[in-house]
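Visitor: Fit chain to chain and form the complex, with the hints in mind.
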Amino acid sequence: MDDQTSVILARYPRGHRDCLIPILQDIQDEFGYLSEPSVIEVGRYIDMPTGKIYGLATFYNQFRFEPRGRYHIRLCQGTSCHVTGAAGIVSELEKRLKISSGQTTRDGMFSVELVACMGACHLSPLIQVNENYHTRLKQGDIKEIVDSYLEGDE
Amino acid sequence: MAAKTHIPVEKEYLVNNVLLNESADLPDDVEKFLRYVRRDRVKYPVILVGTGSCGLISGACDTVHEINQYLEEREIKADVTETGCFGFCSMEPLVQVQLPGKARVLFRNVTAEKLPFVLDGMFNSMVPEDMVLGQIRSSSLELWKDVPFIEELPFFSMQYRNLLKNWGRINPLSIEEYIASGGYRPFVKTIRNYTHEEVCDIVEESGLQGRGGGGFLTGKKWKVAHSVMADQRYLICNADESDPGGFANRAMIESDPHRLLEGILIAAYAVGTSSAYIYIRNDYRIAIGRLEKAIEQAREYGLLGHNIYGSGFNIDIIIRKGAGAFVCGEETAMINSIEGKRGMPRPKPPYPAVSGLFGKPTVVNNVETLSNIPMIFENGPDWFRSIGSETARGTKMLVLSGKVVNQGIIEVPMGTRVRELIYDAGGGIPGKKKFKAVQIGGPSGGFITDGNIDVPYDFESLASEGVYMGSGGMVILDEDCCIIDTVKYFMDFIQKESCGKCIPCREGTRRMLEVYENITKRPVDENGHTTLERFKGVMQLESLAGVIKDTSLCGLGQKAPNPVISSLRYFRSEYEEHIFDRECSAGVCKELRLFYIDVDKCTGCTACAPKCPESAIIGTKRHPFFIVEEKCTGCGICYDVCKFSAIYVK
Numbered sequence: 001m002d003d004q005t006s007v008i009l010a011r012y013p014r015g016h017r018d019c020l021i022p023i024l025q026d027i028q029d030e031f032g033y034l035s036e037p038s039v040i041e042v043g044r045y046i047d048m049p050t051g052k053i054y055g056l057a058t059f060y061n062q063f064r065f066e067p068r069g070r071y072h073i074r075l076c077q078g079t080s081c082h083v084t085g086a087a088g089i090v091s092e093l094e095k096r097l098k099i100s101s102g103q104t105t106r107d108g109m110f111s112v113e114l115v116a117c118m119g120a121c122h123l124s125p126l127i128q129v130n131e132n133y134h135t136r137l138k139q140g141d142i143k144e145i146v147d148s149y150l151e152g153d154e
Numbered sequence: 001m002a003a004k005t006h007i008p009v010e011k012e013y014l015v016n017n018v019l020l021n022e023s024a025d026l027p028d029d030v031e032k033f034l035r036y037v038r039r040d041r042v043k044y045p046v047i048l049v050g051t052g053s054c055g056l057i058s059g060a061c062d063t064v065h066e067i068n069q070y071l072e073e074r075e076i077k078a079d080v081t082e083t084g085c086f087g088f089c090s091m092e093p094l095v096q097v098q099l100p101g102k103a104r105v106l107f108r109n110v111t112a113e114k115l116p117f118v119l120d121g122m123f124n125s126m127v128p129e130d131m132v133l134g135q136i137r138s139s140s141l142e143l144w145k146d147v148p149f150i151e152e153l154p155f156f157s158m159q160y161r162n163l164l165k166n167w168g169r170i171n172p173l174s175i176e177e178y179i180a181s182g183g184y185r186p187f188v189k190t191i192r193n194y195t196h197e198e199v200c201d202i203v204e205e206s207g208l209q210g211r212g213g214g215g216f217l218t219g220k221k222w223k224v225a226h227s228v229m230a231d232q233r234y235l236i237c238n239a240d241e242s243d244p245g246g247f248a249n250r251a252m253i254e255s256d257p258h259r260l261l262e263g264i265l266i267a268a269y270a271v272g273t274s275s276a277y278i279y280i281r282n283d284y285r286i287a288i289g290r291l292e293k294a295i296e297q298a299r300e301y302g303l304l305g306h307n308i309y310g311s312g313f314n315i316d317i318i319i320r321k322g323a324g325a326f327v328c329g330e331e332t333a334m335i336n337s338i339e340g341k342r343g344m345p346r347p348k349p350p351y352p353a354v355s356g357l358f359g360k361p362t363v364v365n366n367v368e369t370l371s372n373i374p375m376i377f378e379n380g381p382d383w384f385r386s387i388g389s390e391t392a393r394g395t396k397m398l399v400l401s402g403k404v405v406n407q408g409i410i411e412v413p414m415g416t417r418v419r420e421l422i423y424d425a426g427g428g429i430p431g432k433k434k435f436k437a438v439q440i441g442g443p444s445g446g447f448i449t450d451g452n453i454d455v456p457y458d459f460e461s462l463a464s465e466g467v468y469m470g471s472g473g474m475v476i477l478d479e480d481c482c483i484i485d486t487v488k489y490f491m492d493f494i495q496k497e498s499c500g501k502c503i504p505c506r507e508g509t510r511r512m513l514e515v516y517e518n519i520t521k522r523p524v525d526e527n528g529h530t531t532l533e534r535f536k537g538v539m540q541l542e543s544l545a546g547v548i549k550d551t552s553l554c555g556l557g558q559k560a561p562n563p564v565i566s567s568l569r570y571f572r573s574e575y576e577e578h579i580f581d582r583e584c585s586a587g588v589c590k591e592l593r594l595f596y597i598d599v600d601k602c603t604g605c606t607a608c609a610p611k612c613p614e615s616a617i618i619g620t621k622r623h624p625f626f627i628v629e630e631k632c633t634g635c636g637i638c639y640d641v642c643k644f645s646a647i648y649v650k
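Chains A and B are the protein sequences, given in the same order.
If you read the first sequence in the working numbering, its first letter stands for residue 1, the second for the next number, and so on.
If you read the second sequence in the working numbering, its first letter stands for residue 1, the second for the next number, and so on.
So here's chain B without its partners, still in its complex pose (with noise of 0.2 Å):
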């Protein structure tokens, strides 16, 4: 259906007309007609549904054989697209509904069963109110009356979207759509005009820093690699992005692949490869699929292949699925694993950029390094440094996701205090409880409390906190949350992860879990063996991080005692209660919680006495029930059936 009442557009006339002009802007009629490519005016009602995988996963392909459906009955002559993620994980599937001359509205969870009513109204000219999400201004369509633009709304109004520019904005499967947006623009300019050294330089100036973590300056890094003398060369895309919690730079491939692509080939040039490999997490199908439909669109449009528009440069992209080892995030590890060798780092120096693939200069960078690049040359390195912080320039794409309001993905300038991060654009903790922590960075990284809040989001000042930012995860706890737990948790990842090759990540994560399992655990006695160990092992905690940060080869290893450093810095009174008081005030560790019933609210609706695994409960029928504290192995089925509220645990 999009076929048909979407502008059918030329490839010939986008290469002459855009992308081979390279004045600044583009005569009136292209720019018209582009505008009508991009949708900013429409011929049609549009309809956009955001299918990322957030979307998938919420329901938005019922949604999308439900839109059809509700055409076809009604023969309306409609443009049906599927989009990319817009951020708003919490309010897919998102729906944008655009009519001819009016402005673009945006609803909220608009599952298959509440679409009509969106529909109906939007099509009598009536907005549904309690859908809307918001509306998109514009200076050239009539604006609704009485809808809230989405600018102003608290989770967009402190974003600054430039890597999100397009998201949910063009459908990720269209090249044309692309370009239209100002996209390969940047790319073609550059390989016809500019040396590799100036590409170096350009970003070198913008003050593009790594955003994979490391925060290495990106022009730098691309000089060493262009400075050494070879025959060839390689450029890694790192998209094996497997902490878990953050997803932005699958969202940015489900959202918008051409980006990713035009970094990739402007950052080739720069470097003087003629291979380019995108190393992506095999679980990303979705990305997987999208990435390789615009590889082959890229071709199509000589963006991609032999002596592009006549610079006599040429690239190739192949795309490497990981085959789901954590550790292959860190780039000599990948290195091994693109060999076919088991992803285990290697020793530096020699830097991939002076030997690495197959023993050649090798630039490894991320998604999100990459997603940047088209931009600077878009607006220049001026542009880039006035935008962020004085130690750390340009946006950072961030996931907001735990005990928060608005959950998805978004970008703020570097320097943004984390509390903004999570009052505002969050919308703060949902059920009027009370903030714990925020775990930033992953497994790698670690804790900000209440108390140092207010510390802005950038390398330097998160790295004074004893926090790594790591790939953008923000995960926020609340009251209800064991941060013990959440330790041992992050303990048990990186001990499964560790490839094994440095003993004292190997082993000493290990044993680290240990202890987080021992002062977990149900006492069986308190004299004798197992109360001496314990204890001896926690007092051994803070030293055993230290050997392990000190000794261990890669990144992975340096890191991973960060959580338990960070929990200890700051949650000190939580280990003692764990320890000493064999309490857990969350109610979060199963062996040190029994459940009660509260006499006064229970019913005896036997609820739960059946689903009780360990038959615990007993009474009788509309009485009363009790709960066995021998038996109560803590699981908590109980506490979810309930539906009185009469269970609490202690």
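Pulled out of the complex, with its shape left as it was, chain A reads as follows (with noise of 0.2 Å):
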């Protein structure tokens, strides 16, 4: 795994701090999130204490800091989600699965994931799981959703 770190840091030669965001974005890319080997590598790679790379990342909504499940579920927050009912999805999707946003399930199976908007407000609600949409969603619709993905699976 540290190989594959340095493959991506030298793609950045100049090492500044300006790369720090990119190269964060490349690897988890790469990984599916930042583990805590890679963060301390690239602290050493462009100078900076691990402390003030952890400040930067949290700060932004796209790094994760747990593995990503075989299913990664992004779940649209859109307004127009919202007033469809999408709060109740949320609820329903965080209570299935016994995690909150952001969190993997223990299994490794699922992660949840919220976003801001995926810009399908006519199919609103909607999740993507993976590559595939479920899209006009109702509540009750989401035990066969994650059943059909864990039966797949078997």
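Check the hints yourself; a few may be wrong.
As the list claims (entries may be wrong) - Short derived list, chain B residues pointing at chain A, Cβ under 10 Å: (1) PRO244; (2) ASP283; (3) GLY289; (4) ASP316; (5) ILE317; (6) GLY322; (7) CYS328; (8) MET344; (9) ARG346; (10) SER401; (11) LYS403; (12) GLY473; (13) PRO613; (14) ALA616; (15) VAL649.
It is worth saying that the hints were derived from the structure and are not from the lab.
Computed from a predicted structure; not experimentally measured.
Every residue gets a Cβ at the ideal spot worked out from N, C-alpha and C, and that includes glycine.
Guide: Put into structure tokens, the structure is as follows:
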């Protein structure tokens, strides 16, 4: 894993502070999250305390510190989704998976992320599971969707 | 398949005959050739599929797959091309079919299953009536009988499609098609003929105001940055559109990325910079991909790089992906973020135009502002001034969403009345429900109600109603939406997104959210401390809003209490109902609602009982069921599953 981190770092030969966010983004794209060793390595590379990097990374919504689940669920939280009942979808999903947004289930199957607006307001409320979209949802549909992924996996 | 059937274009030909030709009209033979590039005339049948984000989510990918399969099976040679969004999201996947010599026809909601039906019809010269949206008027092509023209449809008839001109018509990944539609000629003309000052003057004369919401004159901003002595200046394009409910800029990049690039190039020339950044939201994967491709193509055509077409002007464009912070939409916060710091705003002055990115003069413009620039140079500043209202020139892109029939992105002249936007373009409220309000401008915006719905849509008129234009999102709310719940949602969003620099914004918005949580909570008991706290909070809401507004540093903080102020102004009765009667007449606030079963309608089908998470529904099969009031949490699952509308909320 350290090798991959160094490959990413090599893309930024200048190693200035303004490369920090792009480096972290590349690491997250590669591994799905920011692991402790990778953050330490980034700190060494651009000569910055690890604490400061965490300070920056936790400021932005994009960065995760836990690995993604096999099924990464993105929940749209736009205004249109809200007025069509997204709040119920969130609570139902969190209850079913027993995690809150930003977390991953213990078995590593599901992770949940809230996003501001996916720009598909005409299909609201919607969720994205990996590359699949589930649109015009009702609270009662969540159980079925979660089960379908669990079954598909067996 | 597209490569074989669409007309091949040579780079040298386009550069020499189109880009470097500065006369107003191109020679006839060139124009005739470009007509084929633009697909105004076609040799093979053309099938265009809208594959913006909205199209893809609606299933456009399967539709494209199905089209290719259909053509392969029947051995038909056709030009299948993926275009951007047409703007009419609720009609996606939108497919356009054009047969040689005939006008182009648009079809709505063409999912993979419905596709053979459309193509069978079209290839037999019969337009399947129930799926057709309309045809595009053309003077040189044969028109279809009994097919409406799209400009006559209410959704399109009031629009003024300048920015959206190429949307859904050209392949966003083809620079050739953009050039054939008149693109990049204004840029080449500008750098070869005008000085930096002249470009600033022309933009100022046009009256173009920043479309990010502030409404500052763009030309003036450029002039300030250009007049500051510095060895380097920067231009930043703000594409970090993270307002919930606003996605017009993303659609712009997905549908016509070259228009934005051209705007950036002209702006960079005016400001006198050789380095421009595009700060784009990381979630916009499709848009980023198309933008990268567009930059690559522009570089190939020599429109980016050193000494462009012998003018001595150098420019490079760098894409920076935003890491997801709403506050980074504020220009100084965005500058901090590009520098690799937390996206927290800086005090102004010094304004970025004087000292911005890396301490150098920096101009920050929004995607829509920059996309307007090429048109100004194509048609002249007077033409631009003639559109819109006295106080706001040009057009504005809007996103219609929520409880409205036609959802999508429209472009209308500034000063169009909000009523027309909702009832004409939007087609009114679905399901004969009553209109309650329209929320304009995202979390920093406000509400327009039935009482002032005739207000013109421009910066000043909206501001006088206490509404901030923002990025152009319009979410329509009907009687089933609760204003208190909507405001609570916005406060929740803002308090999460507050960067934490100013205490009034960080703590104030959190306290506001608490007030809203308190008044939408089911009462534990009516006596004691909690009740007192609840009333105290509500009474202080207005003065707290004032403090946050006055003492926050950046625009986000200053506008944070807008939803609260706006809702208190127009929906006092709804507040009172929640506070005094502990009722939510819209039936949205979970803890204030209870569900009941109508014994006359319930058939005892047992659909609801097993779904209830609290096991609050009891009864025996084929007899009306009953909800135990004490157990019901108001989640609403039973309401959703009931097929007989037997469950009602009170």
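Visitor: To test your reading of the hints: which numbers does this structure violate?
Guide: 3, 4, 5, 9, 14, 15
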